[in-house]
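Chains as they are written, first to last, in our numbering: chain A, 57 to 472; chain B, 203 to 283.
If you are wondering where the hints come from, they were derived from the structure by calculation, not from laboratory data.
Please note that a few of the clues may not be correct.
Only pairs whose alpha carbons sit at most 16 Å apart, straight line, appear in this in silico EDC-like list of lysine to aspartate or glutamate [stated by the list, open to error]:
1. LYS275/A / ASP427/A
2. LYS126/A / ASP241/B
3. LYS182/A / GLU254/B
4. LYS157/A / GLU301/A
5. LYS377/A / GLU432/A
6. LYS182/A / GLU236/B
7. LYS61/A / GLU432/A
8. LYS370/A / GLU301/A
9. LYS377/A / GLU353/A
10. LYS182/A / GLU251/B
11. LYS266/B / ASP241/B
12. LYS157/A / GLU233/A
13. LYS182/A / GLU257/B
14. LYS370/A / ASP331/A
15. LYS126/A / GLU208/B
16. LYS126/A / GLU236/B
17. LYS259/B / ASP273/B
18. LYS275/A / ASP285/A
19. LYS266/B / GLU236/B
20. LYS255/B / ASP224/B
21. LYS342/A / ASP382/A
Facing chain A, according to a computed beta carbon distance under 8 Å, are these residues of chain B, among others [unchecked claim]:
22. ALA211
23. THR221
24. ASP227
25. GLN229
26. MET230
27. SER233
28. GLU236
29. ILE243
30. VAL258
Predicted, not measured: the structure shown is a model, and the values here were computed from it.
Every residue, glycine too, gets a C-beta built ideally from N, C-alpha and C.
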Amino acid sequence: MMARKVVITGLGATTPIGGDVPTLWANALKGVSGAVTLEDDWVKEYDLPVTFAARAAVQPTEVLSRPETKRMDPSTQFAVVAAREAWADSGLVKEEMDQNKLAVAFATGIGGVWTLLNAWDTLREKGPRRVLPMTVPMLMPNGPAAAVSLDLGAAGGAHTPVSACASGTEAMHVGLELIRSGKADVVMVGGAEAAIHPMPMAAFASMHALSRRNDDPTKASRPYDTDRDGFVMGEGAGALVLEAEEHAIARGARIYAELAGSSVTSDAHHITAPDPEGMGATRALKAAMFDGRIQPEDVVHVNAHATSTPVGDKPEYAALKNALGDHLENVWVSATKSQMGHLLGASGAVESVLCALAIYNRKAPVTINLDNQDPEIPLKVVTGQPAQLPAEGSIVALNNSFGFGGHNAVVAIRSV
Amino acid sequence: MASNEEILAGLAEIVNSETGLDEADVQMDKSFTEDLDIDSISMMTIVVEAEEKFEVKIPDEEVKNLKTVGDAVNFIAAAQA
Numbered sequence: 057m058m059a060r061k062v063v064i065t066g067l068g069a070t071t072p073i074g075g076d077v078p079t080l081w082a083n084a085l086k087g088v089s090g091a092v093t094l095e096d097d098w099v100k101e102y103d104l105p106v107t108f109a110a111r112a113a114v115q116p117t118e119v120l121s122r123p124e125t126k127r128m129d130p131s132t133q134f135a136v137v138a139a140r141e142a143w144a145d146s147g148l149v150k151e152e153m154d155q156n157k158l159a160v161a162f163a164t165g166i167g168g169v170w171t172l173l174n175a176w177d178t179l180r181e182k183g184p185r186r187v188l189p190m191t192v193p194m195l196m197p198n199g200p201a202a203a204v205s206l207d208l209g210a211a212g213g214a215h216t217p218v219s220a221c222a223s224g225t226e227a228m229h230v231g232l233e234l235i236r237s238g239k240a241d242v243v244m245v246g247g248a249e250a251a252i253h254p255m256p257m258a259a260f261a262s263m264h265a266l267s268r269r270n271d272d273p274t275k276a277s278r279p280y281d282t283d284r285d286g287f288v289m290g291e292g293a294g295a296l297v298l299e300a301e302e303h304a305i306a307r308g309a310r311i312y313a314e315l316a317g318s319s320v321t322s323d324a325h326h327i328t329a330p331d332p333e334g335m336g337a338t339r340a341l342k343a344a345m346f347d348g349r350i351q352p353e354d355v356v357h358v359n360a361h362a363t364s365t366p367v368g369d370k371p372e373y374a375a376l377k378n379a380l381g382d383h384l385e386n387v388w389v390s391a392t393k394s395q396m397g398h399l400l401g402a403s404g405a406v407e408s409v410l411c412a413l414a415i416y417n418r419k420a421p422v423t424i425n426l427d428n429q430d431p432e433i434p435l436k437v438v439t440g441q442p443a444q445l446p447a448e449g450s451i452v453a454l455n456n457s458f459g460f461g462g463h464n465a466v467v468a469i470r471s472v
Numbered sequence: 203m204a205s206n207e208e209i210l211a212g213l214a215e216i217v218n219s220e221t222g223l224d225e226a227d228v229q230m231d232k233s234f235t236e237d238l239d240i241d242s243i244s245m246m247t248i249v250v251e252a253e254e255k256f257e258v259k260i261p262d263e264e265v266k267n268l269k270t271v272g273d274a275v276n277f278i279a280a281a282q283a
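Turn these sequences into a full structure, and let the hints steer you where they fit.
Written as structure tokens, this is what we have:
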């Protein structure tokens with residue numbers, strides 16, 4: 057029996073280059089940077105080695121009510137903002153849903169780190185009585201999934217894939233499986249992260265993962281450039297409504313694209329460094345393509361993981377070459393972290409939103425700051441202007457995400 | 203030391219920030235659970251924030267006796283005295 061087809065019918069996002077999907081897409085085609093010098097007192101207080109990050113363009117406190125923001129960690133706030141946009145975009149009506157067939161798979165890389173560390177500060181400074189009773193539900197990593205399921209009345213399960221920077225793409229994989237297996241008809245998938253806090257900033261800087269281009273933040277995220285020196289911390293969330301094709305057709309929904317295939321593998325190589333030959337990523341790419349019955353020639357666009365770290369960008373090229381062979385030279389590659397920084401557990405979700413839009417509009421977003429392309433990474437990168445994808449015929453985009461721990465997640469998104 | 207009116211106003215501010223309820227709805231005769239629909243986690247948050255704001259201690263075993271806003275205002279006033 058053929059597996060159920062799964063389609064994407066709603067998109068939501070809140071990111072450093074746009075607080076909603078229309079703004080994100082317009083800026084992604086234009087090529088802007090969301091990186092800014094941080095004005096927070098803690099940057100000077102702790103003398104942080106990295107003094108900039110890609111802040112969300114619209115803070116959730118501007119969109120949500122005060123009681124909502126008070127009871128949710130910032131990561132959950134981002135999740136709820138993005139999920140509400142995706143839900144409204146899908147045209148689905150809560151009251152008409154079979155709640156038991158509506159599920160959530162909402163990822164995070166780190167979870168409620170602001171809440172956890174604020175509560176620790178409160179405990180040390182003011183004692184246990186002042187640690188608020190909402191602390192636990194706010195800091196738990198399943199907070200975003202739980203809040204989204206409450207918001208939608210989704211009773212078909214609320215999952216939290218946690219695989220560092222692959223989390224958001226792994227959520228897509230989980231959602232696809234839930235619908236294919238018949239457990240759900242609709243799944244709100246996504247990822248959220250809010251880790252622009254002095255501790256994670258210090259920790260990522262300590263492992264030399266972050267760019268130190270403090271004097272020029274907007275030029276700091278430069279995937280594939282010979283002068284790349286690390287990633288730029290970002291924050292926000294992405295959300296997608298996945299829906300069984302027959303369910304979407306029955307209600308006359310607008311379909312952006314098909315989520316044709318997905319795969320998750322693990323390197324089993326090193327806790328932080330990617331396998332230098334990209335073998336784990338190769339297996340993930342090949343498996344996602346096999347899952348979606350996709351030939352290399354079908355692929356026209358890749359939204360690469362491409363974080364702008366010196367060691368990370370190369371193995372991904374090796375993996376793409378392994379999976380797509382000589383056809384790779386025809387494929388338009390976008391490294392959108394050049395614009396919005398690295399949203400960690402949210403990045404795969406936001407980049408899947410961009411892939412769905414790229415397929416729907418047949419246009420690939422631009423990569424900025426690529427002045428001198430690393431000769432060891434001869435990809436066909438979209439720079440300057442958005443790339444026009446083939447106007448006719450079936451086309452496929454791949455979205456790669458890799459995470460500390462050796463996690464590899466790939467999704468394949470096909471035109472309908 | 204705050205007057206009962208000041209305590210009520212301060213408490214209304216805390217309730218508003220926790221629940222979004224209009225401050226004007228927070229009146230002496232209102233029950234936290236029946237009228238204001240405040241759950242136990244919100245109640246504990248309000249208690250902790252009131253302790254900080256009014257510099258008093260509200261023991262956990264007292265909280266169940268604070269059925270109305272007036273009970274809380276009177277308890278805080280007495281504790282401040």
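Here is how each hint holds up against the structure:
{"no.": "1", "hint": "LYS275/A / ASP427/A", "in the structure": "holds (10 Å)"}
{"no.": "2", "hint": "LYS126/A / ASP241/B", "in the structure": "holds (15 Å)"}
{"no.": "3", "hint": "LYS182/A / GLU254/B", "in the structure": "holds (10 Å)"}
{"no.": "4", "hint": "LYS157/A / GLU301/A", "in the structure": "holds (14 Å)"}
{"no.": "5", "hint": "LYS377/A / GLU432/A", "in the structure": "holds (12 Å)"}
{"no.": "6", "hint": "LYS182/A / GLU236/B", "in the structure": "violated (32 Å)"}
{"no.": "7", "hint": "LYS61/A / GLU432/A", "in the structure": "violated (38 Å)"}
{"no.": "8", "hint": "LYS370/A / GLU301/A", "in the structure": "violated (37 Å)"}
{"no.": "9", "hint": "LYS377/A / GLU353/A", "in the structure": "holds (13 Å)"}
{"no.": "10", "hint": "LYS182/A / GLU251/B", "in the structure": "holds (12 Å)"}
{"no.": "11", "hint": "LYS266/B / ASP241/B", "in the structure": "holds (12 Å)"}
{"no.": "12", "hint": "LYS157/A / GLU233/A", "in the structure": "holds (13 Å)"}
{"no.": "13", "hint": "LYS182/A / GLU257/B", "in the structure": "holds (13 Å)"}
{"no.": "14", "hint": "LYS370/A / ASP331/A", "in the structure": "holds (10 Å)"}
{"no.": "15", "hint": "LYS126/A / GLU208/B", "in the structure": "violated (24 Å)"}
{"no.": "16", "hint": "LYS126/A / GLU236/B", "in the structure": "violated (23 Å)"}
{"no.": "17", "hint": "LYS259/B / ASP273/B", "in the structure": "holds (15 Å)"}
{"no.": "18", "hint": "LYS275/A / ASP285/A", "in the structure": "holds (11 Å)"}
{"no.": "19", "hint": "LYS266/B / GLU236/B", "in the structure": "holds (14 Å)"}
{"no.": "20", "hint": "LYS255/B / ASP224/B", "in the structure": "violated (19 Å)"}
{"no.": "21", "hint": "LYS342/A / ASP382/A", "in the structure": "holds (15 Å)"}
{"no.": "22", "hint": "ALA211", "in the structure": "violated (17 Å)"}
{"no.": "23", "hint": "THR221", "in the structure": "holds (5 Å)"}
{"no.": "24", "hint": "ASP227", "in the structure": "violated (14 Å)"}
{"no.": "25", "hint": "GLN229", "in the structure": "violated (19 Å)"}
{"no.": "26", "hint": "MET230", "in the structure": "violated (22 Å)"}
{"no.": "27", "hint": "SER233", "in the structure": "violated (19 Å)"}
{"no.": "28", "hint": "GLU236", "in the structure": "violated (19 Å)"}
{"no.": "29", "hint": "ILE243", "in the structure": "holds (5 Å)"}
{"no.": "30", "hint": "VAL258", "in the structure": "violated (12 Å)"}
Hints 6, 7, 8, 15, 16, 20, 22, 24, 25, 26, 27, 28 and 30 from the earlier list are contradicted by this structure; the remaining hints agree with it.
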